[in-house]
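Quick mapping for you: the protein sequence lines, in order, are chains D and V.
Residue numbers for the first sequence follow full-length UniProt numbering, beginning at 1 and rising by one.
Residue numbers for the second sequence follow full-length UniProt numbering, beginning at 1 and rising by one.
There are no misleading hints in this set.
Simulated restraints, written as ranges between beta carbons of each label pair:
no.	chain 1	residue 1	chain 2	residue 2	range
1	V	Q197	D	T178	52 to 58 Å
2	D	K92	V	I186	44 to 50 Å
3	D	I228	V	Q66	29 to 35 Å
Everything labelled a hint here was simulated from the structure, so no lab data went into it.
Just so you know, even glycine gets a beta-carbon here, dropped at the ideal spot from N, CA and C.
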Amino acid sequence: MVKTGSWRYDQGHDDYASCEALHLGSGILLRAHKDNPISLYNDIQFTSYCDDQRPLYSALIRTAQTFPYLEQIQQDWKAFISSPDSSRGPFKYSIYAILLSFTANFVIALSLTVIVFITVRQKPYRGASNLLKLGSSLASINLTIFVAKAMSALKEDHINKGIVSTNVVLNLLWNDLTFACLDLLVVLICELCQVQIVMRLFSRVREKRFVFLAGVVLSLISQVLWAIPSFTQIGKNHSMGLSYDTDGLILLSPFVYLMRITFSAFYASIICFNVFIKRNLCLQNQRMILLTFITILMIFMQPAFFVADVTNVWVDDLSEIFNTTCYVGSAVIVWEWVDYLLILERKVQAQSVLGRPVYEDDQQDYYFAKYALKTQDNQFRGSNINTTNSSSNSATYADIPAQVPPSMDNNKVEFNERPPIKERLLEGCTKIIDGMIYYTDHFIVKGLVIKTLSLHSKNSSDDYSKRKAKVRRRIGLDRPNEVYVYATRDVVFDSEEEEHPRDEEEEAGNSVEDARAGH
Amino acid sequence: MLSKLRLFICALTTIAVVFQVLPVISMPLVTSIHLSRYNGRLFGVFGWCTVSTGVCTPPRIGYSMQCATAGTSSADVMADSGCDSKDFAGDFLPSRAKRAISKLLVVHPMSLFFAATLWLMTVALNTQKFARSRRALVCAVLWSLPTVFLSLLSFLVDVLLFIPFLAWPGWLLLVSTVLIAVASCIMCGVRRSVSLQKYERLRNKDVIEFFPMQSDKLQSEESQTQQELPLERPDRVHRPG
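Here chain D stands alone, though its shape is the one from the complex:
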């Protein structure tokens, strides 16, 4: 069995006589070495080379002049390749299918890396796009190393034994420490990219913050749990004699596997929900339709592989390679889709009367700012009153922002005691939560929200010069010699006779406005 720590029983197989000792009888001429003479042997027992008690495909070149295979070996080989799926004899379990799958995965990962470097824009999500580039590059490097190692192992087998074994490649996949380490990093980075994608799909700041915190924590937990059985198994294979809780590891391995499937199902459902609610944008043009189709295909790849896995062990053996490609694909393609979708959305918003939607979360800041301005204004007015009317009452208005804690009681003796443990714990927890929210807001949420506004900017130098020109035009620096002179004029209304206080107020207001315009 290749995957020694598997949570499934190995599939049974038939017994093949050629893998046991074949009695060839007497009268066999053999030459053990080219320097020794040929000898006659009376009783010969021949054992064909088998891999895990299964016949192997011989990679030797056979011509009409070469000796034929033994009849028993030929019969066993025919029985092996025509046996039911459970004994892994048919063509789909052969080395060709495995070679095809991992080289295809390698090519797909490489193509996705090229796509990331060509199409994904650096701005406005600099950190996230760099993370995506790092993840896809690491995946490509990992698969390149794996393909090179697998080819080298197959070449060695061909030269030394004249056989091509699938188990060599599968052993490498499950027991290679480099592959496991890089794969762990790639999946973690891709999961973090998925968190960023989901954050971009939510508009409200609080929701973005929650998605970030929950996503990062769950990604880390799933990767740590995945690392425990994987690295323990690799350690066990590398250093025999160490004892491990096998039952616990067997239990943890499928649990983490199911956890990953659950997360990918969550991710797929969030994307599908967004496809549904923004279906008009998704079906707006041909490119977007194609991109949406590929996105849906990519996000359902992992749940689909789960279904294939529980019905077919062949996929289970190669699931790690497929996993890497699925994660990279579901991060890169969906990122591109979200990018394009948000651009279309902003175009629609720019053309509409109402413009960009503003949520109550954004308005909280406005409300606080207004509160602060009002407080400042009152303070200013209070100080004015203080200077003009030197009355003692006015001092009460001047002290408006004095939200100081009540003065300490003079009769009370206070010792420099440490607060109780409960309070200290509460304070510590509050500090941790505040810190997390601070870093979330600063590095992720605020960056995303603010930079979203300059989404259409592609080249930084062009963008800077355009903005500069716009500002110059607005404040009139582009036409310094054109001077306009305004004259004041009194406005007389017909309804002047009507002595309505409201009209008077309006008139007063208009005259003030006119005077301002004149200035």
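With the hints as your guide, set chain V onto chain D.
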């Protein structure tokens, strides 16, 4: 509209909880409900029974190989009942999974606990006390996320162990997951609506109160100023709430 949505959420979670109860009370608790039938054995969350003799294992997490007769409380090993202590190896579970993996069925009662708590929350949301509470809605939304996660996980565990012989109580879990997910989405919408309504109420008032510092004199002073220059300083206009 919001009250109707709350009732709808409650109805969805009620159905979801009922669908989660059925697999949990399967073999050996209720003999007519089973998660899978394979090679003359009926599997439930807490144990398994043989079809021919009707003998079940004692209820526990993870499948044991020791059988107990239905009438006796103590474990009684029966060699001829079909569930003696021999190991079935690869033939025990339909998906060839190892017997130790059956301990993962513990997610079923956990999922039921989370779903039942969510159901209680949705019932509470229909009461007058919590109907407009943003905090209660946020709590319910946050609680629904692990509920959906565990529900989906328990379905996947069933698929992993019993496919291709998974019986209807196992598939009900998928329906339950979808129902809880839909209820969660609607709850998110209700939370947004309630939050927006509260904000709009606050905004319409547009009266910023200086609780510890504003005296009556200041208010009168301000109203006087408004009368004098109502349009010069529009930010000082108090709109009626």
